[in-house]
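> Sequence:
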Amino acid sequence: MLYRHRGKTMKTKYSDNLREWDSSHDSWRMFKILSEAVNGFEELGRMPRCVSIFGSARATADSPLYEAAREIARRLGEDGYGIITGGGPGLMEAGNRGAMEAEAPSIGLHIHLPQEQKINPYVTTRCDFNYFFVRKLMFVKYAVAYVVMPGGMGTLDELSEAMLLAQTGRIRPFPIVLYDSFFWSGMLDWIRNSMVRSGFLDEEEIKFCVLLDSPEAVVDYVKKQTLSQEALRLL
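Using numbering that gives the first Met the number 0, you'd call the opening residue of the sequence shown number 0 and step up by one each time.
Hints may contain errors.
[What the hints assert, rightly or not] Okay, derived cross-link-like pairs now, EDC-like style, lysine to aspartate or glutamate, Cα gap no bigger than 16 angstroms in a straight line:
| no. | residue 1 | residue 2 |
| --- | --- | --- |
| 1 | Lys140 | Glu35 |
| 2 | Lys140 | Glu70 |
| 3 | Lys206 | Asp188 |
| 4 | Lys140 | Glu160 |
| 5 | Lys135 | Glu100 |
| 6 | Lys222 | Glu77 |
| 7 | Lys223 | Asp78 |
| 8 | Lys135 | Asp156 |
| 9 | Lys31 | Asp127 |
| 10 | Lys222 | Glu70 |
| 11 | Lys117 | Glu102 |
| 12 | Lys135 | Glu35 |
| 13 | Lys222 | Asp78 |
| 14 | Lys140 | Glu42 |
[As the list claims (entries may be wrong)] Label pairs and their computed distance ranges (CB to CB):
| no. | residue 1 | residue 2 | range |
| --- | --- | --- | --- |
| 15 | His24 | Leu112 | 29 to 37 angstroms |
| 16 | Arg48 | Leu163 | 32 to 40 angstroms |
| 17 | Gly168 | Lys31 | 41 to 49 angstroms |
| 18 | Val37 | Gly185 | 38 to 46 angstroms |
| 19 | Leu33 | Leu112 | 19 to 27 angstroms |
| 20 | Ser193 | Ile170 | 21 to 29 angstroms |
| 21 | Pro47 | Tyr130 | 23 to 31 angstroms |
| 22 | Arg48 | Gly198 | 33 to 41 angstroms |
| 23 | Ala60 | Met186 | 21 to 29 angstroms |
| 24 | Asp78 | Ile170 | 17 to 25 angstroms |
| 25 | Thr123 | Phe40 | 14 to 22 angstroms |
| 26 | Arg191 | Ile170 | 40 to 48 angstroms |
In case anyone wonders, no lab produced these hints; they're calculated from the structure. Since this is a predicted model, take the numbers as computed values, not measurements. Where is the CB? At the ideal position from N, CA and C, for every residue including glycine.
All chains should be built: construct the whole structure from the sequences, respecting the hints.
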């Protein structure tokens, strides 16, 4: 593959049999990114205050975690919150199911993947994304709280994004609830024992993360924190 550098024709180490990269595609890709952002803003901007619920797509409907996510979403929905999930199966489905049972907005931010992940049947408002970073923007922008159920790398990615934005002050502070202290406490212990102890992070910078172990405790905490936020905004 050839390219120009300082007026000279250079050859890369990549095989000429590979598809050649054309930088002009990046400019056109910006319009796709923009369209996804605009669609998300227009769809979600009409919603009431929402709580984003994350968790594993691999959890089964007969698991205690599925029932916990469903109950959390149902209780929050009954209290006037919309529920945002990734729209997929497992604990995302549980969140949307609980929202639908409460007749609350049940939002699914569906991501297109090479191995297609189907949207669950409990989503009433669907937004489609090709780009993870645009999708994560919607999770943060339209949520007044995060409820993070146990999950894998996708859940960890969404959690770390929220923690970073809160730590750096790029978003308004909001509660991040880690459900199931047995699952998450090891991660927080490692952050404190490694990052904080090494001076790479301050304990104060993770104070917005809380470990809770029952749907009732989660709902009570989210309601208390979001009402406090609303009161501060009125001052």
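> Determine for every hint whether it applies to the structure shown.
Going down the list of hints, with the structure as the test:
1. Annotation: proposed proximity of lysine 140 to glutamate 35 holds, straight-line Cα distance about 14 angstroms (limit 16 angstroms).
2. With a C-alpha separation of about 24 angstroms, the suggested pair lysine 140 and glutamate 70 falls outside the 16 angstroms cut-off, and the hint is violated.
3. For the hint pairing lysine 206 with aspartate 188, the CA-to-CA distance comes to about 13 angstroms; that is within 16 angstroms, so the pair holds.
4. Taken as a hint, the lysine 140 and glutamate 160 pair is honoured in the structure, with Cα atoms around 12 angstroms apart against an allowance of 16 angstroms.
5. Between lysine 135 and glutamate 100, the direct Cα distance comes to roughly 25 angstroms. Violation of the 16 angstroms bound is thereby established for this hinted pair.
6. Straight-line distance between C-alpha atoms of lysine 222 and glutamate 77 comes to about 12 angstroms, which keeps the hinted pair within the 16 angstroms bound.
7. Straight-line distance between C-alpha atoms of lysine 223 and aspartate 78 comes to about 12 angstroms, which keeps the hinted pair within the 16 angstroms bound.
8. Distance hint between lysine 135 and aspartate 156 is fulfilled; the C-alpha atoms sit about 9 angstroms from each other, no more than 16 angstroms.
9. Distance restraint check for lysine 31 and aspartate 127: the Cα-Cα separation of roughly 12 angstroms lies within the 16 angstroms cut-off, and the hinted pair is therefore satisfied.
10. For the proposed pair lysine 222 and glutamate 70, the alpha carbon gap of about 15 angstroms is at most 16 angstroms, so the pair holds.
11. Taking the CA atoms of lysine 117 and glutamate 102, the gap is about 22 angstroms. The hint is violated against a cut of 16 angstroms.
12. Only pairs whose Cα atoms come within 16 angstroms are accepted, and lysine 135 paired with glutamate 35 is accepted, the gap being roughly 12 angstroms.
13. Distance restraint check for lysine 222 and aspartate 78: the Cα-Cα separation of roughly 8 angstroms lies within the 16 angstroms cut-off, and the hinted pair is therefore satisfied.
14. Annotation: proposed proximity of lysine 140 to glutamate 42 holds, straight-line Cα distance about 12 angstroms (limit 16 angstroms).
15. In this structure the supplied range 29 to 37 angstroms is violated for histidine 24 paired with leucine 112, their Cβ-Cβ distance being about 21 angstroms.
16. The supplied range of 32 to 40 angstroms is broken by arginine 48 and leucine 163, whose beta-carbon atoms lie about 23 angstroms from each other.
17. Range check, glycine 168 to lysine 31: Cβ separation about 30 angstroms, and the 41 to 49 angstroms hint is violated.
18. Taken as a hint, the range 38 to 46 angstroms holds for the pair valine 37 and glycine 185, whose Cβ atoms sit roughly 40 angstroms apart.
19. For the pair leucine 33 and leucine 112, the supplied restraint of 19 to 27 angstroms holds, since their beta-carbon distance comes to about 21 angstroms.
20. Roughly 25 angstroms separates the CB atoms of serine 193 and isoleucine 170, a value that falls within the hinted 21 to 29 angstroms.
21. In this structure the supplied range 23 to 31 angstroms holds for proline 47 paired with tyrosine 130, their Cβ-Cβ distance being about 26 angstroms.
22. The given range of 33 to 41 angstroms is respected by arginine 48 and glycine 198, whose C-beta atoms sit roughly 37 angstroms from each other.
23. One distance hint, 21 to 29 angstroms for the beta-carbon pair alanine 60 and methionine 186, holds here, with the actual separation near 26 angstroms.
24. Remark: the range hint 17 to 25 angstroms for aspartate 78 to isoleucine 170 is upheld by a beta-carbon distance near 23 angstroms.
25. Evaluation of the 14 to 22 angstroms hint for threonine 123 and phenylalanine 40 yields a pass: the beta carbon distance comes to about 19 angstroms.
26. For arginine 191 paired with isoleucine 170, a C-beta distance near 23 angstroms fails the hint of 40 to 48 angstroms.
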